[in-house]
Amino acid sequence: MVSAAAREDPWAPWIESIAAGENEALAALYDASSSVVFGVAVRMLNDRADAEEVALDVHKYVWRTAGTPAAGSFAKPDSAANQASLTPN
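1 is the number of the first residue of the sequence shown in the working numbering; add one for each residue after it.
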């Protein structure tokens, strides 16, 4: 079954699979996104070597945090769960 997040975010199915520990999903996500991540990093840093390092760091971060609260667990900013977590006690 495809989650609502996966229907809205084309990379979400890979991230969900990464969260489940599927190594192949990380490879597929890397293949699909590395040029975009690298391109943004080059434009921001204006240094190809640093951009390569950042692109790898981004994908390592995805591997470590997929499916955790640090990754947002695919919650939308306006979701009830997020609103509840933002409401002061």
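Careful, some of the hints might be misleading.
Lysine to aspartate or glutamate pairs mimicking EDC-like chemistry, simulated, CA-CA at most 20 Å apart [said to hold, decoys possible]:
id: 1; residue 1: Lys60; residue 2: Asp50
id: 2; residue 1: Lys60; residue 2: Glu22
id: 3; residue 1: Lys60; residue 2: Glu8
id: 4; residue 1: Lys60; residue 2: Asp31
id: 5; residue 1: Lys60; residue 2: Glu16
Here are the in silico distance ranges between beta carbons for each label pair [said to hold, decoys possible]:
id: 6; residue 1: Gly39; residue 2: Pro69; range: 25 to 31 Å
id: 7; residue 1: Leu45; residue 2: Glu22; range: 20 to 26 Å
id: 8; residue 1: Ala20; residue 2: Asn46; range: 19 to 25 Å
id: 9; residue 1: Val42; residue 2: Gly21; range: 19 to 25 Å
id: 10; residue 1: Ala49; residue 2: Pro69; range: 20 to 26 Å
id: 11; residue 1: Lys60; residue 2: Pro10; range: 28 to 34 Å
id: 12; residue 1: Arg64; residue 2: Glu8; range: 35 to 41 Å
id: 13; residue 1: Ala20; residue 2: Asp50; range: 18 to 24 Å
id: 14; residue 1: Ala12; residue 2: Arg48; range: 27 to 33 Å
id: 15; residue 1: Asp9; residue 2: Lys60; range: 17 to 23 Å
id: 16; residue 1: Arg64; residue 2: Asp31; range: 26 to 32 Å
id: 17; residue 1: Glu24; residue 2: Leu56; range: 30 to 36 Å
Derived from the structure by calculation, the hints contain no laboratory data.
We treat Cβ as the ideally placed atom computed from N, Cα and C, and that holds for glycine.
Tested hints:
1. Lys60 x Asp50: Holds, at about 15 Å.
2. Lys60 x Glu22: With a Cα-Cα distance of about 14 Å, the restraint between Lys60 and Glu22 holds, given a limit of 20 Å.
3. Lys60 x Glu8: Violated, because 23 Å separates the two Cα atoms, which is more than 20 Å.
4. Lys60 x Asp31: This hinted pair holds, its Cα atoms lying about 14 Å apart.
5. Lys60 x Glu16: 15 Å, holds
6. Gly39 x Pro69: 25 to 31 Å: 29 Å, holds
7. Leu45 x Glu22: 20 to 26 Å: At 31 Å between Cβs, range violated.
8. Ala20 x Asn46: 19 to 25 Å: 37 Å, violated
9. Val42 x Gly21: 19 to 25 Å: 31 Å, violated
10. Ala49 x Pro69: 20 to 26 Å: 32 Å, violated
11. Lys60 x Pro10: 28 to 34 Å: 21 Å, violated
12. Arg64 x Glu8: 35 to 41 Å: Given range 35 to 41 Å: violated, Cβ gap about 23 Å.
13. Ala20 x Asp50: 18 to 24 Å: Violated, at about 32 Å.
14. Ala12 x Arg48: 27 to 33 Å: At roughly 29 Å between Cβ atoms, Arg48 and Ala12 fall inside 27 to 33 Å, so the hint holds.
15. Asp9 x Lys60: 17 to 23 Å: Cβ of Asp9 to Cβ of Lys60: about 20 Å, so the range 17 to 23 Å holds.
16. Arg64 x Asp31: 26 to 32 Å: 19 Å Cβ-Cβ, so the 26 to 32 Å window is violated.
17. Glu24 x Leu56: 30 to 36 Å: 18 Å, violated
When each numbered hint is compared with the structure, violations occur for hints 3, 7, 8, 9, 10, 11, 12, 13, 16, 17.
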